[in-house]
Amino acid sequence: MKTRLALLLLPHLTFVSLSLAQAPPTAAPTPPAAVIPGEPVELSQLRQQYALRALASSKTLAEQYAVALGNLSREVGGEGDYEQALTAQRLRQELADLYAKSLDDPTLSNVVVLKAADARPSGTVSYDRTAGDLTNWKTVGSIAVWDVQKMVPGKYNVVVTYSVAPMGDPPTRMSIYSVSEDQITGGEFEFYEDSSLAGAAMNRRAGQVADTGGWDKPAYLQLAPITLNRTSARFAVKITRTRGSGGVMRLKEVRLTPAKEGDTPPPAAPPDGSTPPAPAVDEVTKINESRVARIQQSIKPYVDAYIDKVNKLAEQAHARNDEEAVADLQVETRAAQRLLERPDRISAVSNAAPPTTSLRGQGFKEWEGATYISSVNNTGDEFLVSYQGESVPVRLLWVTCPPLSVHGGAQVKMCSDYFGLEPDDIYLLGKQAQVFTDAFLQGRPLKILTRGTKDPDGHLLVAVQLEGVGDFAGVLVDNGLACVNTPTARAKNPRRFEEMTLSNLKEREKQARQRPIPPGAWAVSPDQEKPAPPANTNTTAN
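Residue numbers (numbering that gives the first Met the number 0): 0 to 541.
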């Protein structure tokens, strides 16, 4: 047996030993220079280049010997010759380490490198050939997939190479077609084995990324190890949360490296075959969870005291039969309770929309689970929704978007006066509002609030709300795509909540106009420095 092992390894042992003697013990991905004291740098570089060429030219032979060593180890081990089996394993590992250090070769070291160029992206994700990155990770659900063959089953560490800039890239030029976006970057993603086979559900890992200093400044995120049970697998990276519209990250690669003893163990499978435990999370997520817990502990006394005061005010309002105020205060109480449950949202308060008062307490009925219907006849503020199997034409309360025709009569003049633009520009703005509404509402669950009243054209007057966004009318105002209405003679005594709603919308408009690059119509309006005139319409009538 010893003779067979020696004959098998003899042609390659000399090459391995000489190369290992010159390579310092490091796992760096680039070949280290074995510098001899007193040796010129040029000579060291030439020697290193020669070693690399020698390694590259013998790669096929090295692969063959690695396979032969693996087979031999199993064969002699099965015959009980454990000494020879261990020797073969050691030599195979030395061969793998040599190529891992010099050529970063996955064939010998069992490293699986999911490169950006090999991915199949979908959603907004695209491959940047110049940078070699997967970029434009801007929407939840955007995904990249890799199919890998000839893997060695076992436990693997997961390292993600990515980069994040402080802010997303702004548009190169602004026009009436442009819609201002929140260019905040960073967010959360999930890396997982995309399979319904046994064990795959255990290989889901959550990751969170933030500013690394620039799109060209890569960083490394190590996730919890995974365990692979098959020789082929499909892997995926999917965005689960975005912090803004600037892009979550640029992804260079995901590297799976065989784990060694002492590494963090993967989550154990449930013994009874029941639902697997929650996915393991990386250290960044753990730190964030700890931060949230500390914030929650710090703000609880203040939130509790605030809720007590609001409840006392609600009791006083009830005593004087002011049910409108009671409804508003109850909404405020629930908002404070939600803040205590999710204190991490405090960081987003400065960017949040101004609070609105209760609509349910003002005679509005709620339609939960409505959906937007795309149609060429839709406009920015008039469109079709589906609710309980019926198609319903609706129009937004409190705002007016420009019409889709320069012959829109009074509505064109009103929008032209409001934004200080020519009728042709108003038509273009109307087209942009139509496109924006279609893209923003498509595929999202909507909450419709209405009193059941209609406008002269038969559109149901509604407020449209979205989870995590709020009132859609405010979104249009934020992007300079809608005029804020004022009550008409038909609504001589508008309710207090409507006054507050219109006041909030005007405040959002003011903030939009004060941005460094104003959005929508305000980007090209000659009256940008002047206060916008009020818009009159009947959409606020009760």
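If you're looking for bench data, these hints aren't it; they were derived computationally from the structure. Quick caveat: nothing in here was measured; it's all calculated off a predicted structure. One should not assume that every hint holds.
[Unchecked claim] With a cut-off of at most 20 Å between alpha-carbon atoms, the simulated EDC-like pairs for lysine to aspartate or glutamate come out as follows:
id : residue 1 : residue 2
1  : Lys412    : Asp423
2  : Lys237    : Asp423
3  : Lys149    : Glu314
4  : Lys453    : Glu466
5  : Lys137    : Glu466
6  : Lys154    : Glu189
7  : Lys453    : Glu389
8  : Lys114    : Asp215
9  : Lys446    : Glu322
10 : Lys114    : Asp321
11 : Lys311    : Glu323
12 : Lys216    : Asp321
13 : Lys216    : Glu252
14 : Lys251    : Glu189
[Stated by the list, open to error] Quick list of simulated restraints, FRET-style, between CB atoms:
id : residue 1 : residue 2 : range
15 : Gln88     : Ala197    : 22 to 32 Å
16 : Glu506    : Gly153    : 44 to 54 Å
17 : Lys299    : Tyr386    : 33 to 43 Å
18 : Ala409    : Glu466    : 48 to 58 Å
19 : Ser195    : Gly69     : 49 to 59 Å
Ideal Cβ positions, reconstructed from N, Cα and C, are used throughout, including at glycine.
Against the structure, the hints:
1. Simply put, lysine 412 and aspartate 423 have alpha-carbon atoms about 11 Å apart, close enough for the 20 Å limit, and the pair holds.
2. For the hint linking lysine 237 to aspartate 423, the alpha-carbon distance of about 42 Å lies beyond 20 Å, and the restraint is violated.
3. For the given pair, lysine 149 sits about 70 Å from glutamate 314 by alpha-carbon distance, which is inconsistent with the 20 Å threshold.
4. The straight-line distance between the Cα atoms of lysine 453 and glutamate 466 is roughly 25 Å, outside the 20 Å bound, and the hint therefore fails.
5. In summary, the hint linking lysine 137 to glutamate 466 is supported, as the alpha carbons are separated by about 18 Å, within the 20 Å threshold.
6. This hinted pair checks out: lysine 154 and glutamate 189 have alpha carbons roughly 19 Å apart, not beyond 20 Å.
7. Between lysine 453 and glutamate 389, the direct Cα distance comes to roughly 17 Å. Compliance with the 20 Å bound is thereby established for this hinted pair.
8. Distance hint between lysine 114 and aspartate 215 is fulfilled; the C-alpha atoms sit about 17 Å from each other, no more than 20 Å.
9. Among the hinted pairs, lysine 446 with glutamate 322 is inconsistent with the structure: their alpha-carbon atoms are about 23 Å apart, more than 20 Å.
10. Our distance criterion of 20 Å between C-alpha atoms is broken by lysine 114 and aspartate 321, whose separation comes to about 63 Å.
11. With a CA separation close to 15 Å, the supplied pair lysine 311 and glutamate 323 stays within the 20 Å bound.
12. The suggested pairing of lysine 216 with aspartate 321 is violated, with an alpha-carbon distance near 58 Å, which exceeds 20 Å.
13. Pair hint lysine 216 plus glutamate 252 holds up; C-alpha atoms about 14 Å apart against a cutoff of 20 Å.
14. The hinted pair formed by lysine 251 and glutamate 189 meets the criterion: a straight-line CA distance of about 15 Å does not exceed 20 Å.
15. About 28 Å separates the C-beta atoms of glutamine 88 and alanine 197, a value consistent with the hinted range of 22 to 32 Å.
16. At roughly 59 Å, the beta carbons of glutamate 506 and glycine 153 sit outside the given window of 44 to 54 Å.
17. Separation of lysine 299 from tyrosine 386 is about 39 Å and conforms to the stated range, judged on CB atoms against 33 to 43 Å.
18. Judged by the Cβ atoms, the range 48 to 58 Å given for alanine 409 and glutamate 466 is violated: they are separated by roughly 36 Å.
19. As the Cβ distance of serine 195 to glycine 69 is approximately 30 Å, the hint placing it in 49 to 59 Å is violated.
Violated hints, in rising order: 2, 3, 4, 9, 10, 12, 16, 18 and 19; the structure is consistent with all others.
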